[in-house]
Every structure is written in C-alpha cells, then in structure tokens.
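Peer 1: Construct all of the structure, not just a fragment, from the sequences and the given hints.
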Amino acid sequence: MSAKFLQLIGLAVCIVAIQICTQMTDSSYYLTQLTMTAYYSLLVIGLCMLIGYAGQISLGHAGFFAIGGYMSAFLTTHDFTAIKGEPFVAFLSKIGVLVVRKDVYGGELLAFHSWPACILSVCTVLIVAYVIGGPVLKLKGHYLAMATLGFGIIIYRIVVGTSGLGAADGISGVPGFTLFPGVVISGKGSGRILNYYIAWGVVIAGMTFLLNLISSRVGRALSAIHGAEDAAEAMGIPTANYKLKVFVLSAGFAAVAGILLTHFNGSIGPSEASVMKSVRYVAIVAIGGMTSLWGAVFMSLILNYFSLRGSFGTYDDAVFGVILVLIMLFAPDGLIRRQILIDLKYFFRRFAKKEAAL
Amino acid sequence: MTTLLSVGTLSKRFGGLQAVNEVSFSVTAGSIKALIGPNGAGKTTLFNLISGVIAPDSGFINFCGHEVQGLRPHQVASRGMARTFQHIRLFPKMSVLENVMIGRHIHSRAGFVAGMLNLPYAWSEEKKIIEKAHEILAFLELENLADVEATSLSYGQQRNVELGRALACEPKLLLLDEPAAGLNMSETAELGALISRIRDTGVTVLIVEHDMTLVMDISDEIIVLSYGKKIADDKPLAVQSNSEVINVYLGEDEDDA
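Protein chains in written order, with the numbering used here: chain A, 599 to 956; chain B, 2 to 258.
Since the hints were made in silico from the structure, they are not lab data.
Be aware that a few hints might be false.
Here are the simulated DSS-like pairs of lysine-lysine, each with C-alpha atoms no more than 27 Å apart in a straight line [stated by the list, open to error]:
1) A:Lys786 <-> A:Lys700
2) A:Lys736 <-> B:Lys94
3) A:Lys602 <-> B:Lys133
Only part of the chain A face toward chain B is listed, based on derived beta-carbon distances under 8 Å [to be verified]:
4) Ser814
5) Val816
6) Ala819
7) Ala822
8) Gly825
9) Ala829
10) Ala832
11) Gly834
12) Ile835
13) Thr837
14) Leu842
15) Leu847
16) Arg948
This one's a predicted model, so the numbers in the text were calculated from it and none came from an experiment.
From the three backbone atoms N, C-alpha and C, an ideal C-beta is built for every residue, glycine too.
Peer 2: Below, the structure written as structure tokens:
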C-alpha cells in the first residue's frame, strides 16, 4: 500500500525534475515530445494491464486510440451550421453541447464543445470494444492476436478510405480541449509547461487506478486467469466476463490517450491507426517486462520520446520490430526486472567459461 | 440424511466413444463418496460433467435442490462446489497465500471500479480474505510457506495448496480428482487423515482415486464405473466382494468360459 504510494510520488518527482531541468537548460521545447509521450504511455499502461496481467494479447489498440482521436476531432471540427434549424441540433446548441467558435481562417462554425465530444468518443470506443471483445476474447493465443490484428487493419482502412475523415490527410485544425475555463490542452507554446503537467497528471492518475486494481480482488483474479484459466473458472471466477471487462478498460485508456493527444497536436492522421503503431505498443509492454506497469511506463517514456524526437529516423518502425524480436528471443520477461542482473551475471560467466575452454 | 448431489441418467458421448452412459447416483451430505474404475472408465469425464466443464448430452445434475447441468463452471462453483485437478493447476507466479486467496473469490464482491478506486469496503474485504486464507493455511499446516511461490513447492505440498485453495471456497461439496496420484504411502495416509478431517468440518467429499487402500479406508460409499457404466454403488466391503467389480479389476477368464 505505502510502497505503491511512494512509487507514484517518485514518478511525480521525476516529472517535476525533468521540467526543472529543461527550464534551467533553456530547452523547454523538449516538453512537447514529453507531453506526447505521456499520452502514448497512458495507452501503454492500459495495454500492459491487458497483456501482462490478464494474459490477453491485442494487436488492435491503435484502432481504439484512432477511433477516440478521430471521433473527437470530427465532432469538434465538423460544422453543424447548415442544419442548425433542426430541433435536435438547436436543442444541443441551447444546452451548450454545440458551441460557436472561430476556425483558423476567422470564419464562424458551430461544432461540439470538447467535453461532450470527449465523452461521446470514449463511450463509442467502450461500446466498440465491448462488441468486438465479446466474440474475439473467446479466442486464445495466436488466434486472438490475429483477430485483434484484423480489427486494427479494418479501422486503418476505414480511416484512410473515408473522405469525411480527411482520408490520407487526416483531420487538422482540431481546437484545444478546454478542461476548465483557462485550462486548455493544446500545443500552443504558452501552455507548454501546463500541458506537460496535465498529461503526466493523467498518467499518474491512470497508474494509481491500475496499481490499485492489480492489488485488489479483481487483479488477483486476472492473474489467476493468466496463469490457469480452467482453474480460475473452477474457483468461481467468471473468466469470460473479466476478460471482456479488462479489454474494455484498456480500450478506454487508449481512447482517452487518443482524444487528448489529438487535441494537444491539433490534428490526427491515419498513421495513428496503423498496425505498426499497435505492434509498437506491444513491443513497449514486452520490453517493460509484460507484468510490470512501471517497466511499461519507463520504456514508453524512453522509446516514445526518442521516436518522437526522430532519433530513429526513417527506421522508426523497424526499430520497434527489432526490439520485439530481440526481446522475445533473449529476454521474454522484459528488461525491467530484478532478475536481469542475475541473468547477465550468468550469461557472462558462461561466456567466460567458453572462452577459457577455447 | 439429506442428499446434496444427485445425478440422473447422465450421458456424454465423444464422437464414437460413449464416455458416460446413463449414470445415476446420489451423494449424501456429510459423507465421503469414492468413484473408482479402470483407466478410461469415464471418471474424470463424470467429474467434468458435474463441475460444468463440459455439458452432458442428456440427464440431470441436481445440486442442493437446483439443476446445474449446462451452467458454466464458475456458476457451479459459486453454488458451493469446489474441485481439484488430476494434474495440479496452481496459479504460477503467485504465492501460496495468494493462491488460497483466490479461493475466497466467490465470498467477496469488490469489482473493477471498487478495486481501481480502492474503496474502503474493498479494503476491509481484502483484510477478511487474507485472514481466512491464513486460517486455511493453518488448518493444512502450510502457514510457514505462505509467501513462497506456489509452483516452486514439492509435489505433495502443491497438492495441499490446491486443496487449500478449494477449501477457501468453503464448499458444500468438494471434488477431488486423484489426490493421491504421485504421493508415497506415508503421504497418502496423511492425505486420507486430512480428507477425513475435512469431512468432519461438514464438507461433503466426492473423490476419484486409484489408490484402493485410501479409498477403502476413508469412503462411506463407493461407485464403480466401467466403460462409462455404473456397475456398483455400495459400502466399501460390499463393493470388494461384488463379483462384477472383481471381474472388471482382475479380468474375466474368457477362454475357460
């Protein structure tokens, strides 16, 4: 209980320390990538819960991320002025769901306020996850991976093929997310530090929820399902129901991540829905140690940050593919764990012995 | 003498094999009933039918006055039926205590939201779960192994942990699938004493077992299955002298007939 609390405080201290460092070295432009990294991390911890703790793989989480992001982007940028006479639309604008704002060219448009757009998008993703998850989670192992991969591809093709969603260009001109009057999630330089703290605040909140869940009755039941599904079922755990719930939960994390990042960036493109993104998230969970939320956050912070800074150049996707292959071959339990030092010791000792034998 | 479990004309066919053929029997509350038979007689299939792992083709299973055939295993379990497995199915990467705590699942109710928000009632419930799990470990004399990873224990200890996990469900009926498999004679004798102790706490036991000494020692009644059919259902002594049972176990001398 208290260890969990201390770890969370530790993360918060790191976040503040990074910000102060950038402030002192006059390089606060790094915060933009760190903020984006935070939103990707939110998706990754949700996926870690699903893969690492409940033992259910998903290669379609970029799909949930994209549904959330695209829907929120569409609702906040689509102009409803043409049909503002319709009773329902008039009603929505009366209660403040639809608001008039200025677009980038100075023209007026009637679109969704960011809060109702966000809530609608999250709900949609939860429903989609529920509908998809029901049949798909009956599958196990490779078959589940294939089915979720199929889902991811479908979402990608839909996004690329729909002109209303900007086809290959995606949606741009997405307004900031007004959390409270004066507190806006957007990429404006003036709100950079505030946005950095909001993003990591959301991650810390997400971590708190998931860490609580892991140490609860439900978390134990999920581990049991991962370890021996038939035995879990025989102990009275409704395994199908729990798998579905954790799938929907992780899709919810992906949706929130997608929505907030879209408002922060001011745009979303089809690359966010691509299968390579899903593979990347799975790779990060794997390298973080599968059953380690902290490992996932840490590796997500490092890898997403360097990826966003462009350190991997045009080999971006290849890097994550290689990481996944290497991890599966040489460290299937991930890099972030206590055992790693012992393993390395044995590895070098064996290596030394071979040398001596030669 | 109330009947806790009654099974009527239960049948299950796998392709061309009639695994269980119109088997009927009942288990009296507070007794130990054994299920024996040669390999392939359909004992484990019958167990899987009763615990809901597979659905029967026909027949009924009445548990505590309710028909439970066709229910999912977790639904059957939550009605008070716990089981162990022929091949030990402990949860890996979890301690002995955590394994036993899983057994308390049906007696607690904190869901996803309560867990994520760490609500006070989930918290106090968790305390009770831990308390009860320790109680079970004390009963099985496993208290000193509470924090050890369950799958790292010796075979016999793993058997006991699995038993503890089932007991944590506080079942009305405990199904044991070959609990003495792989145990030596003294361990088997200890297991027999333990099963009797469990019965004395008010738990009804249905046990599949190959070890005849154990079965004859502890059971109140024995059912004998052969090729999916029930051929005897009686007190241990009567079963021992049943000619059909002797034929099944020692083989009929068909050439002389």
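Peer 1: Which of the numbered hints above does this structure break?
Peer 2: The structure breaks hints 14 and 16; every other hint is satisfied.
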